[in-house]
Amino acid sequence: MTDITLQDLDLLSEEEFEQIELETERLMSVWEICSLRGQAAIFHDDQHIGEHRRELKTLDHPLFNKEAELKFRSTAVVDSLEGNMLIHPLTTPVIEVSADNTAARAVWWSLGIEGLSRYRETPMAIISAGMVPGVHLKEEDGWKIFSGAWQRTTKNEYHAGWVKSMVPTNTRPQISKEEDRQRLGRYAYQKDEIRKPVPCPPKKDTFGAYPEKTDDSWLLDNLKNERQ
Amino acid sequence: MITEERKQKLLMNIRKLSSMHEIQNTMGRLTAALNFQRADEILSFFALEREDVSLEYADEGLFEGKEAVCAAVHDIIVRPEEKGYMLDMQLTTPMIEVADDVKTAKALWWCPGIAAVPTETDPQAQWCWGMTGVDFILENGTWKVWHLHYFRLIRCDYKKGWVEDTSMINRLNTPVHPLSKPSTYHNPYSPLSVRDGIPACPRPYASYEDSDRNWMLNRDKTK
Numbered sequence: 029m030t031d032i033t034l035q036d037l038d039l040l041s042e043e044e045f046e047q048i049e050l051e052t053e054r055l056m057s058v059w060e061i062c063s064l065r066g067q068a069a070i071f072h073d074d075q076h077i078g079e080h081r082r083e084l085k086t087l088d089h090p091l092f093n094k095e096a097e098l099k100f101r102s103t104a105v106v107d108s109l110e111g112n113m114l115i116h117p118l119t120t121p122v123i124e125v126s127a128d129n130t131a132a133r134a135v136w137w138s139l140g141i142e143g144l145s146r147y148r149e150t151p152m153a154i155i156s157a158g159m160v161p162g163v164h165l166k167e168e169d170g171w172k173i174f175s176g177a178w179q180r181t182t183k184n185e186y187h188a189g190w191v192k193s194m195v196p197t198n199t200r201p202q203i204s205k206e207e208d209r210q211r212l213g214r215y216a217y218q219k220d221e222i223r224k225p226v227p228c229p230p231k232k233d234t235f236g237a238y239p240e241k242t243d244d245s246w247l248l249d250n251l252k253n254e255r256q
Numbered sequence: 002m003i004t005e006e007r008k009q010k011l012l013m014n015i016r017k018l019s020s021m022h023e024i025q026n027t028m029g030r031l032t033a034a035l036n037f038q039r040a041d042e043i044l045s046f047f048a049l050e051r052e053d054v055s056l057e058y059a060d061e062g063l064f065e066g067k068e069a070v071c072a073a074v075h076d077i078i079v080r081p082e083e084k085g086y087m088l089d090m091q092l093t094t095p096m097i098e099v100a101d102d103v104k105t106a107k108a109l110w111w112c113p114g115i116a117a118v119p120t121e122t123d124p125q126a127q128w129c130w131g132m133t134g135v136d137f138i139l140e141n142g143t144w145k146v147w148h149l150h151y152f153r154l155i156r157c158d159y160k161k162g163w164v165e166d167t168s169m170i171n172r173l174n175t176p177v178h179p180l181s182k183p184s185t186y187h188n189p190y191s192p193l194s195v196r197d198g199i200p201a202c203p204r205p206y207a208s209y210e211d212s213d214r215n216w217m218l219n220r221d222k223t224k
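Chains as they are written, first to last, in my numbering: chain A, 29 to 256; chain B, 2 to 224.
There's no promise every hint is true.
DSS-like, lysine-lysine: derived pairs with alpha carbons at most 27 Å apart [what the hints assert, rightly or not]:
1) A:166 / B:224
2) A:99 / A:85
3) B:161 / A:192
4) A:166 / B:222
5) A:166 / B:10
6) B:161 / A:85
7) B:161 / A:219
8) A:94 / B:67
Some chain B residues close to chain A (C-beta under 10 Å, calculated; not the full set) [unchecked claim]:
9) 11
10) 98
11) 128
12) 151
13) 154
14) 161
15) 162
16) 200
17) 201
Estimated spans, in silico, between C-beta atoms of each pair [to be verified]:
18) B:177 / A:79: 27 to 37 Å
19) A:188 / B:199: 24 to 34 Å
20) B:159 / A:79: 32 to 42 Å
21) B:221 / A:107: 19 to 29 Å
22) B:41 / A:44: 37 to 47 Å
23) B:53 / A:223: 45 to 55 Å
24) A:236 / B:41: 49 to 59 Å
25) B:186 / A:44: 45 to 55 Å
26) A:110 / B:9: 49 to 59 Å
27) B:120 / A:168: 49 to 59 Å
28) A:188 / B:119: 27 to 37 Å
29) B:214 / A:110: 22 to 32 Å
The set of hints was computed from the structure by calculation and includes no laboratory data.
All C-beta atoms, glycine included, are put in the ideal place defined by N, C-alpha and C.
Looking at chain A on its own, in the form it has when it is part of the complex (with noise of 0.2 Å):
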């Protein structure tokens, strides 16, 4: 571990100190929020709905759409949680902090597997390739998840392969294929398309090209600089 005293913070100016107090402070919102997420990915994959739980989201902020966020909760997908699971792990972390350590931007990469039981029929294995974008606000109680939805890139029946195997977004009633592609399956792999790169990482001057901290538009920084 460091070897960093307490004498050795009393060597530094106030200004000097009150940068690196700053700093560590981001690098630390930089570990909250891989935790943060972590327990996102817990949550989503038990899905026990209605269940009481440590709020993640920032439900109360005035921007966040707390109304769908609770419908959405409320609604159960499949008639029975035996056999089902989602199971993202989440790697390729891109995590970029505000100068103010007030909000952070992230994107992370995660190959899944899956267990898919609608109506209590034998399991579907899934596997899910996709990514993990997101906004996250820091509130009094710690660092919160303002925006951010799983982005799909291949979700496939185990066997059939994610060239030829796309399951939709698993909904009550369900939606279909063309549905499907303008929501969660919008970027998703298409054997007769050229990949859109989406979503892009956040840049390291990311708050000073988007200053509005809730913006989520940086995912899309990548369209306006399409290879030709």
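Use these hints to put chain B onto chain A, whose structure you have.
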């Protein structure tokens, strides 16, 4: 004004950051040793001199104390060398909380993995995914594994997948290791199982209390 409290907090945060980095590296090295099946190296990361050092592996039981942990690694986790065997576990989704007193830490990783296991013909390709929860303790300036629990999620034939093949999620009905104590938790995926958010995410804490021993099994998701 730079108060004593601000100085103490800054020093704590610097120590926490340094510790989180070291813990991530320690677990990376331990995972490499596991994948390469190097028993003594795996054990070198454990706080073996502590009476309550422990290792729990899937449904093989809880191994507590130096003798039991060494036995678990040598007899269960590391297999005899064999052509065609391969294990490749990876650490993802890190959740690491270092105590405010920077003497202990709680951590959890989600671990996708693959394996190749020799059979009478060709080795069998397998998936082996799980979660690894760990308590770390700082000993003489080095972070050591204090309690480690590997929670199996799936173990199956690659060709069949985790729904068709559940033959390996539970141990065979053979005698358990004589040094093992009863498992504290085992709930792998199967078509009949229900996920329940275990192991839990570690939460910020001031110092490790006796009541923290089973934080990984905490079902209260409100805290």
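Structure-based check of all given hints:
Of the pairs offered as hints, the one joining residue 166 of chain A and residue 224 of chain B holds, with about 18 Å between alpha carbons and a cut-off of 27 Å not exceeded. Note on residue 99 of chain A and residue 85 of chain A: the hinted pairing holds, with a Cα-Cα distance of about 14 Å set against a maximum of 27 Å. The straight-line distance between the Cα atoms of residue 161 of chain B and residue 192 of chain A is roughly 18 Å, inside the 27 Å bound, and the hint therefore holds. Between residue 166 of chain A and residue 222 of chain B the CA atoms are separated by roughly 20 Å; this keeps the pair inside 27 Å, and the hint holds.
Between residue 166 of chain A and residue 10 of chain B, the direct Cα distance comes to roughly 18 Å. Compliance with the 27 Å bound is thereby established for this hinted pair. For the hint linking residue 161 of chain B to residue 85 of chain A, the alpha-carbon distance of about 38 Å lies beyond 27 Å, and the restraint is violated. Proposed proximity of residue 161 of chain B and residue 219 of chain A is supported: the alpha carbons are some 25 Å apart, at most 27 Å. With a CA separation close to 52 Å, the supplied pair residue 94 of chain A and residue 67 of chain B exceeds the 27 Å bound.
Residue-level restraint check for residue 11 of chain B holds (minimum Cβ-Cβ distance to chain A is 5 Å; threshold 10 Å). With a least beta-carbon distance of about 7 Å to chain A, the hint placing residue 98 of chain B at the interface is held under the 10 Å criterion. Hint status for residue 128 of chain B: holds, given a least beta-carbon distance of 8 Å to chain A, under 10 Å. With a cut of 10 Å, the hint placing residue 151 of chain B at the interface with chain A is violated, because the nearest CB-to-CB distance is about 15 Å.
Taken as an interface hint, residue 154 of chain B checks out: its beta carbon lies about 7 Å from the nearest beta carbon of chain A, inside 10 Å. For residue 161 of chain B, the interface hint holds, the least distance from its beta-carbon to any beta-carbon of chain A being 9 Å, beneath 10 Å. Satisfaction of the interface hint for residue 162 of chain B is found here, the shortest Cβ-Cβ separation to chain A being roughly 4 Å, below the 10 Å cut-off. The beta carbon of residue 200 of chain B comes within 8 Å of a beta carbon in chain A, closer than 10 Å, and the hint placing it at the interface holds.
Hint status for residue 201 of chain B relative to chain A: holds, with the closest Cβ pair at about 7 Å, below 10 Å. Distance hint check for residue 177 of chain B and residue 79 of chain A: the Cβ-Cβ separation is about 34 Å, which falls inside the suggested range of 27 to 37 Å. Between residue 188 of chain A and residue 199 of chain B the beta carbons are some 31 Å apart, a value that agrees with the proposed interval 24 to 34 Å. Between residue 159 of chain B and residue 79 of chain A the C-beta distance comes to about 34 Å, which sits within the given range of 32 to 42 Å.
Roughly 27 Å separates the CB atoms of residue 221 of chain B and residue 107 of chain A, a value that falls within the hinted 19 to 29 Å. The hinted window of 37 to 47 Å between residue 41 of chain B and residue 44 of chain A holds, with their beta carbons roughly 45 Å apart. For residue 53 of chain B paired with residue 223 of chain A, a C-beta distance near 52 Å keeps the hint of 45 to 55 Å intact. Between residue 236 of chain A and residue 41 of chain B the beta carbons are some 51 Å apart, a value that agrees with the proposed interval 49 to 59 Å.
One distance hint, 45 to 55 Å for the beta-carbon pair residue 186 of chain B and residue 44 of chain A, holds here, with the actual separation near 48 Å. The hint said 49 to 59 Å for the Cβ distance between residue 110 of chain A and residue 9 of chain B, and at roughly 50 Å that hint holds. Separated by about 57 Å at the C-beta atoms, residue 120 of chain B and residue 168 of chain A satisfy the suggested range of 49 to 59 Å. Taken as a hint, the range 27 to 37 Å holds for the pair residue 188 of chain A and residue 119 of chain B, whose Cβ atoms sit roughly 29 Å apart.
Distance hint check for residue 214 of chain B and residue 110 of chain A: the Cβ-Cβ separation is about 31 Å, which falls inside the suggested range of 22 to 32 Å.
Of the numbered hints stated above, those contradicted by the structure are hints 6, 8 and 12, listed in ascending order.
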